[in-house]
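We have chain G already, so just place chain X on it with the hints.
As you go down the protein sequences, you meet chains G and X in turn. The first sequence lines up with residues 1 to 316 when you count with the working numbering. The second sequence lines up with residues 1 to 316 when you count with the working numbering.
Simulated from the structure, these hints should not be mistaken for lab results. From the three backbone atoms N, C-alpha and C, an ideal C-beta is built for every residue, glycine too. Be aware that one or more of the hints could be misleading.
Below, a sample of chain X positions facing chain G; criterion: calculated Cβ distance under 10 Å [stated by the list, open to error]:
1. R75
2. S79
3. W92
4. T147
5. T160
6. H164
7. L229
8. T231
9. G263
With a straight-line cut-off of 27 Å between C-alpha atoms, the simulated DSS-like cross-links for lysine-lysine are [claimed, not checked]:
10. K17(G) to K205(G)
11. K89(X) to K17(X)
12. K89(X) to K258(G)
13. K17(X) to K89(G)
14. K17(G) to K89(G)
15. K89(G) to K205(G)
The chain contents come next:
Protein chains: 2
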Amino acid sequence: MSPQAKLLAGVELGGTKCVCILGSGPDDVRALERLPTGEREETLRQIEAVLDRWRHQHGPARALGIASFGPVDLRADSSTYGFITSTTKAGWRGTDVAQRLGRRLGIPVGFDTDVNGAALAEARWGAAVGLDDFAYVTVGTGIGVGTIVRGRPIFGMNHTELGHIRVARRPGDTFAGICSFHGDCIEGLASGPAIEARAGAPASKLPPDHPAWEFVAHGLAQLVHTMVLTTAPQRIFLGGGVMSAQAHLFERIRQELKRSLNGYVEAPQLEQGLPQFIVPPGLGTMAGPLGALALALDAANPVAAHPTPVATAATR
Amino acid sequence: MSPQAKLLAGVELGGTKCVCILGSGPDDVRALERLPTGEREETLRQIEAVLDRWRHQHGPARALGIASFGPVDLRADSSTYGFITSTTKAGWRGTDVAQRLGRRLGIPVGFDTDVNGAALAEARWGAAVGLDDFAYVTVGTGIGVGTIVRGRPIFGMNHTELGHIRVARRPGDTFAGICSFHGDCIEGLASGPAIEARAGAPASKLPPDHPAWEFVAHGLAQLVHTMVLTTAPQRIFLGGGVMSAQAHLFERIRQELKRSLNGYVEAPQLEQGLPQFIVPPGLGTMAGPLGALALALDAANPVAAHPTPVATAATR
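So that you can see chain G by itself, here it is in the shape it has in the complex (with noise of 0.2 Å):
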C-alpha cells in the first residue's frame, strides 16, 4: 500500500483543547496540533483549516475519526447522529460535528466518545492489546469512561457514561459536588474542578497528604467497585490529568475498593493480582489523538475487529 492511501486523519475534541492528528499509528504520526477549544463556530473553523490545509500538503486521507467529549449522539438512525448532545460544556450544546467534517471531508468518519475511541487505541498500540474486556478511565476536566465489551464499546440506547453515575459517599463528605446535572455525582465529586472546587487549588498543586485526597480516592474507589460489579473488566486503566499527577491515588484507590468489595467477588485480580488490576494506561496523553486514528481506521475498514457506527448501522 502507498504512503498516502495509508493516511488516516483524527481529531480529539477535548473540553479545554483539541487535537489534530494525521498519519496511521502511533509510529507514524505525520502531523499534530493543538487547538483551544473555545466558542464552536470558531473551534470547529479552526479545526477544518487544520484539515483543509494537510489535505493539500499531504493529499486526501482515507478516513477521519473524531473522538469527542460528550454526550454525543451515536444512534446510526437519528437526525442528529453525530451532534454533541447535552453536555455540561456552556454553549456546545446541540453541535454537529460528525456530519459537517464528513461533508466538508467527503470521506468515511468514524465517531465516538473521547474515551471510547482512548480505550480503541490502548486495545490497538496500548496497554489492553490482548484484552477483550476492559474499560479506560480518565480523571481530568471531566471524568469519562471507555468500557469494552468482547473487543467493541458498550452500544445500547446510546453510548455509555459511567462519570454520571451517584455514587455512596463517604461518611462525613459533605461536598455538594461541581456536576451542573447531578450536584455530586462522581465527575461532580472527583473530577479535576470538582477537586480545585473542593481544596481551592488545583488537583495537580495538592500534596498527597491533603485532606481532600481521601474524599476523592473514596469517590473513585466508588467508580470502580460499580465497574467490578456492572461490566467485570479484566482490567481497569485509570488515567487523565489527574492521575498522572497524583500517583498515590493508584494504591488508595486499590485499598478502598478492596474495603469496599468486601471479598465478594473472588478473581485473581481483586486478590493477588490487584496491582495490575488498576493501573495507568499505556499511550499516556497520546490516547486521545490515536483515539482519533483508531476510529478512522475502523472507518476506512468496515470489517475491522472493532467497527464503528458507520460499519454497523444495518446491525442496529
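Frame of chain G; chain X shown alone:
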C-alpha cells in the same frame, strides 16, 4: 428430530427454592418439580434424584442447564468452575454444582447465574425477543441483574453482580441495610428481606402508601440510573416477587429515574418511551426454570447465538 433428541433438562437453583424442569421450551414442558433450597448436600441429592428419575422415565436429555444463585465461578480455566463461591446464603459457600451434576449425568452442562439464564430465556421466548442489549432485574430474596450486550451476557473477570453496587442514599434514609457483605448496597436496601427489615412486615403485605416504598423506589431508581450509564440497555425488565406484588413501583421508579438523570441522557427511552423502557418481564415465574432450559439449549448447540462457557472456553 425425534422428541427425545430435543429433550433438555434444567435446574433453577434459587435462594429459597429449586425448580427442576424437563422439556424443550415454554410450549413443551414435560415435567417440573419444585424443592425447597435447604442444606446444600441434601438439596443437591434431591435434585439428583429428580434428574435420575426423569432419565429413567424419559430417556437421557441432550444437555443440562443450571441457572444458579450466585456468585458463581464461570471462569472456564478455573478449578472451581461451576461452583457457588462467596454467597450470602449460609452454608453454601464453595459448593460444586455444575461439575458434580455434569459428572453424574454425563451430558453437556450449561451453567450461568439465575438472572443471566432468565435474561436469555426472555430473549429466546419472552419479552426481549429481538433485543440485543437489555437487562433483566429480579427484586426478590435478593436483587440480581442479567445484562445482555450484543446478545450475550457480559463476562469479564467473572459474571456481573449489580445487586451489590453501593448507591447514593435518599436524604433522610438512615436504614443500615442487611447485606452481610456490604450493609447498604442495593440488595441490602431494597430486596424483599431488606424491605421486611425496614418496614416490619413482608414486602408483599405492605400497602402502596407505606412510607418504606419511597426509599425502596429511590434505591431501585438509583440501580436503574447506574444501569443506564454503565451499559445503556435498550430496555430494562424488572421482575421478581417484590415487583410483581407491588406494581405501583414501576411508575415510581420511572419518575425517580427521570429526576435523577435530570435530562443528561438524551434518548427516546427516557422521554416519551419511558413507559416502555422500564417494564415487567414476559415469562413471569417461568423465567427462572426456562432460563435453565435456555442454558441447556446453548450447551447442546455450541454454535448458538448465546454460547455458554462450555462453548466459549477456547476463546477466553
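How the hints compare with the structure:
1. The interface hint given for R75(X) holds, since its Cβ lies 8 Å from the closest Cβ of chain G, which is under the 10 Å cut-off.
2. For S79(X), the shortest C-beta to C-beta distance to chain G is roughly 12 Å, which exceeds 10 Å, and the interface hint is violated.
3. A least Cβ separation of about 14 Å between W92(X) and chain G goes past the 10 Å threshold, and the interface hint is therefore violated.
4. Restraint check, T147(X) versus chain G: the minimum CB separation of about 7 Å is within 10 Å; hint holds.
5. Taken as an interface hint, T160(X) checks out: its beta carbon lies about 5 Å from the nearest beta carbon of chain G, inside 10 Å.
6. With its C-beta approaching chain G no nearer than about 6 Å, H164(X) sits inside the 10 Å limit, and its interface hint holds.
7. A cut of 10 Å between beta carbons decides the hint on L229(X): the least distance to chain G is about 5 Å, and the hint holds.
8. Given hint, T231(X) at the interface with chain G, holds; its Cβ is 6 Å from that chain's nearest Cβ, closer than 10 Å.
9. The criterion of a C-beta within 10 Å of any C-beta in chain G is met by G263(X), whose closest approach is roughly 6 Å, and the hint holds.
10. For the given pair, K17(G) sits about 21 Å from K205(G) by alpha-carbon distance, which is consistent with the 27 Å threshold.
11. Note on K89(X) and K17(X): the hinted pairing holds, with a Cα-Cα distance of about 12 Å set against a maximum of 27 Å.
12. Restraint check for K89(X) and K258(G): the C-alpha separation of about 21 Å stays at or below 27 Å, so the hint holds.
13. Between K17(X) and K89(G) the alpha-carbon distance is near 51 Å, which puts this suggested pair outside the 27 Å criterion.
14. Restraint check for K17(G) and K89(G): the C-alpha separation of about 12 Å stays at or below 27 Å, so the hint holds.
15. This hinted pair checks out: K89(G) and K205(G) have alpha carbons roughly 24 Å apart, not beyond 27 Å.
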